[in-house]
Amino acid sequence: MLNINKNLEGEKLTIALEGRLDTVTAPELEAELKDSLEPVNELVLDMKDLEYISSAGLRVLLTAQKNMNQKGSMKLINVNETVMEIFDVTGFVDILTIA
Amino acid sequence: MADNGTLTIALKGRIDSGNAADIEKEIQDQLVSADVKSLILDAEDLEYISSAGLRVILRLRKKYPDLKIINVCSEVYEIFDMTGFTQMMKVEKAYKVVSVEGCEEIGRGANGTIYRVDKDNVVKVYNNADALEDIEHERQVARLALILGIPTAISYDVVKVGNSYGSVFEFLNAKSFAKILADEPDKFEWCVEEYVDMLKKIHSTEVPKGKLPSIKAEFVERAARLRGHLPDEYEDKLVKLINDVPEVDNMIHGDYHTKNLELQDDEVLLIDMDTLAVGHPIFELGSIFNAFSGFFEVDTNGIESFQGFSAETGHRFWRRTLELYLGTKNDEAIREVEDKARIVGYCRLLARSVKRGLNLEGQGKEEYEVWKQHLIELLDRTDTLTFEVQNDAGSDSPNELDIEATTDNLPKVLEFIDKHLEAAGCPIKTQMQIDVAAEEIFVNIAHYAYKPDKGMAKVRVEVGDDPLSVSITFIDHGVQYDPLAREDPDVTLSAEDRQIGGLGIFLVKNTMDDISYQYVNGSNILTLKKNL
Numbered sequence: 009m010l011n012i013n014k015n016l017e018g019e020k021l022t023i024a025l026e027g028r029l030d031t032v033t034a035p036e037l038e039a040e041l042k043d044s045l046e047p048v049n050e051l052v053l054d055m056k057d058l059e060y061i062s063s064a065g066l067r068v069l070l071t072a073q074k075n076m077n078q079k080g081s082m083k084l085i086n087v088n089e090t091v092m093e094i095f096d097v098t099g100f101v102d103i104l105t106i107a
Numbered sequence: 211m212a213d214n215g216t217l218t219i220a221l222k223g224r225i226d227s228g229n230a231a232d233i234e235k236e237i238q239d240q241l242v243s244a245d246v247k248s249l250i251l252d253a254e255d256l257e258y259i260s261s262a263g264l265r266v267i268l269r270l271r272k273k274y275p276d277l278k279i280i281n282v283c284s285e286v287y288e289i290f291d292m293t294g295f296t297q298m299m300k301v302e303k304a305y306k307v308v309s310v311e312g313c314e315e316i317g318r319g320a321n322g323t324i325y326r327v328d329k330d331n332v333v334k335v336y337n338n339a340d341a342l343e344d345i346e347h348e349r350q351v352a353r354l355a356l357i358l359g360i361p362t363a364i365s366y367d368v369v370k371v372g373n374s375y376g377s378v379f380e381f382l383n384a385k386s387f388a389k390i391l392a393d394e395p396d397k398f399e400w401c402v403e404e405y406v407d408m409l410k411k412i413h414s415t416e417v418p419k420g421k422l423p424s425i426k427a428e429f430v431e432r433a434a435r436l437r438g439h440l441p442d443e444y445e446d447k448l449v450k451l452i453n454d455v456p457e458v459d460n461m462i463h464g465d466y467h468t469k470n471l472e473l474q475d476d477e478v479l480l481i482d483m484d485t486l487a488v489g490h491p492i493f494e495l496g497s498i499f500n501a502f503s504g505f506f507e508v509d510t511n512g513i514e515s516f517q518g519f520s521a522e523t524g525h526r527f528w529r530r531t532l533e534l535y536l537g538t539k540n541d542e543a544i545r546e547v548e549d550k551a552r553i554v555g556y557c558r559l560l561a562r563s564v565k566r567g568l569n570l571e572g573q574g575k576e577e578y579e580v581w582k583q584h585l586i587e588l589l590d591r592t593d594t595l596t597f598e599v600q601n602d603a604g605s606d607s608p609n610e611l612d613i614e615a616t617t618d619n620l621p622k623v624l625e626f627i628d629k630h631l632e633a634a635g636c637p638i639k640t641q642m643q644i645d646v647a648a649e650e651i652f653v654n655i656a657h658y659a660y661k662p663d664k665g666m667a668k669v670r671v672e673v674g675d676d677p678l679s680v681s682i683t684f685i686d687h688g689v690q691y692d693p694l695a696r697e698d699p700d701v702t703l704s705a706e707d708r709q710i711g712g713l714g715i716f717l718v719k720n721t722m723d724d725i726s727y728q729y730v731n732g733s734n735i736l737t738l739k740k741n742l
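Top to bottom, those sequences are chains A and B.
Sequential numbering from 9 applies to the first sequence in our numbering.
Sequential numbering from 211 applies to the second sequence in our numbering.
Honestly, the hints are just simulated from the structure, not real lab data.
Be careful, since some hints might not be right.
Going by beta-carbon spacing under 8 angstroms, a handful of chain A positions derived as facing chain B [what the hints assert, rightly or not]:
#, residue
1, E17
2, E19
3, I94
Straight-line Cα separation of at most 27 angstroms, DSS-like style, residue types lysine-lysine; simulated pairs [said to hold, decoys possible]:
#, chain 1, residue 1, chain 2, residue 2
4, A, K56, B, K575
5, A, K56, B, K622
6, B, K565, B, K575
7, B, K235, B, K278
8, A, K56, A, K14
9, B, K278, A, K56
10, B, K450, B, K582
11, B, K247, B, K278
12, B, K222, B, K306
13, A, K83, B, K247
14, A, K74, B, K719
15, B, K385, B, K421
16, A, K56, A, K42
These figures come from a predicted structure and were not determined experimentally.
Where a beta carbon is used, it is the ideal one built from N, C-alpha and C, also for glycine.
Just chain A, same shape as in the assembly (with noise of 0.2 angstroms):
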């Protein structure tokens, strides 16, 4: 289960993300980003209550961020441990810019 919520303000999006990001719920998001990345040059992703993450859902993280890197920032926010030990083995705290 993946709760995807948006908020839009001016080219400022904040998706706050709870749940779980896997193979199942990882298409979700994707198409979230897809639909509603157009007009927006700033990515905050709340990952407060984000509770568990694997390779699907780095993947989305990863092709968000090429696309982030084309036009503003993407950045993440309020990373627990957990995740972020999943980030860690796999150099995606050197990728990604975690707050």
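Please build the complex by placing chain B on the supplied structure of chain A, with the hints as guidance.
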């Protein structure tokens, strides 16, 4: 000639109007002198019978309604058939005579030797000359097992071989598990898994009442035979332990070792069905213990000449069988069940020694003493022979999940794994790493193994102690694929240069303590191990 009231009379040559009266008188004379309850006419040397002869038989049948004619050659059988006699009474054709002289011997078991007689057929020749009853019994129980869903080979004919009898089977280009273990040691794990799968299948098969003998009854008798050989209080305890095992209607093979399981193409077949019974699985485990260990405790080289693999392999096989059968790697839990199995095993071995007579010398004497010593020690610390039976069919045992490999089923797989991880007290962080790894492997199977079709995957969770660890095994029967062979992504690259793929398996490699992959007989077997 009369044996429990049955008299067998041989009919010879030609019986027609010329000699029928004489022959009838001859037969009557034999019947008068003996207290005959039923009559068998042996027609082995009967060449011809006319209506005069048939009338003699009809008159005899009036007096002996269950009269039976046996060993009838095909010419004479035709006469009996045309005249309606085969409908009226039991007329058995003569067994075809087969010679095994010069035939290749392809197997030898406790009760017979198997020869290949031609391209398509093998004959199992029984050691015992009056094995007909045994043969019929084995054919009957094999048929029963097949109907109940156990894959086995069934003999389609019974033949006479010299002074004995044989069962004819279709020739199977099969390899016994014993031989696979001896020739291909890297298939060890696959062999144990198939072996235990079949064992669970047998034990989860319910048998209609009265179709098979009770194995418990045999053990009650065996235990009684040890009276005088064990100190009385131990003998009493053994008898009580066996009496206390509940009667169960589930199938037991009775001689379940690696020579009686065969691989034919991709199918695993169970053979040697004559010991089939019903009962509690502890009796089976006892005989399995004997086959891999108990039997060879003194004669340590014996297993090599019987199974073809080393004593060490035998011990490992037995231990791993228990782990998989019981669904645990906990030493204490395994030892407990092993103790019970050994009690059953030694009881059987000692009863066998006693039956063979106790003029034991050398090895026989030593075995008797060793087994007795073990049995006494075990009886001291064991109070019941029963244990938790995970008696659900196939791999429904709680540490295994059989599930269609689709991404939709991922939540079910992770839920199943998490349930076990939580029970093992796994920290949340580790649990997540294991989930991420499990997801990667399962999704790989779902996406690629059976493409474009769908197929099943098996997920097994095992928790081990020393050190506390968890192993998760994924098995599928799809295309051969070793995810470990994939090259690692360069994790130092920037987002632009990073590739999307290959990340998952990299994660798996870097978060798990051990990963192994095997492709055995059409199965991809991947095991993740994580220390807790």
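Verification of the hints:
1. The closest approach between the C-beta of A/E17 and any C-beta of chain B is roughly 25 angstroms, which is over the 8 angstroms cut-off, so the hint fails.
2. Residue-level restraint check for A/E19 is violated (minimum Cβ-Cβ distance to chain B is 21 angstroms; threshold 8 angstroms).
3. Among the interface hints, the one on A/I94 holds; its C-beta lies about 6 angstroms from the nearest C-beta in chain B, closer than the 8 angstroms criterion.
4. A C-alpha spacing of about 74 angstroms is found between A/K56 and B/K575, which places the hinted pair above 27 angstroms, so the restraint is violated.
5. Simply put, A/K56 and B/K622 have alpha-carbon atoms about 25 angstroms apart, close enough for the 27 angstroms limit, and the pair holds.
6. Between the alpha carbons of B/K565 and B/K575 the distance comes to roughly 13 angstroms, so the proposed pair stays at or under 27 angstroms and holds.
7. This hinted pair checks out: B/K235 and B/K278 have alpha carbons roughly 19 angstroms apart, not beyond 27 angstroms.
8. About 14 angstroms separates the Cα atoms of A/K56 and A/K14, which keeps this hinted pair within 27 angstroms; it holds.
9. Restraint check for B/K278 and A/K56: the C-alpha separation of about 87 angstroms exceeds 27 angstroms, so the hint is violated.
10. A threshold of 27 angstroms between alpha carbons decides the hint, and for B/K450 with B/K582 the separation of about 17 angstroms falls inside it, so the pair holds.
11. Between B/K247 and B/K278, the direct Cα distance comes to roughly 12 angstroms. Compliance with the 27 angstroms bound is thereby established for this hinted pair.
12. Between B/K222 and B/K306, the direct Cα distance comes to roughly 19 angstroms. Compliance with the 27 angstroms bound is thereby established for this hinted pair.
13. Of the supplied pair hints, the one linking A/K83 and B/K247 is violated, its CA atoms being roughly 99 angstroms apart against a limit of 27 angstroms.
14. With a CA separation close to 25 angstroms, the supplied pair A/K74 and B/K719 stays within the 27 angstroms bound.
15. This hinted pair does not check out: B/K385 and B/K421 have alpha carbons roughly 30 angstroms apart, beyond 27 angstroms.
16. For a cut-off of 27 angstroms, the pair hint linking A/K56 to A/K42 stands: about 22 angstroms separates their Cα positions.
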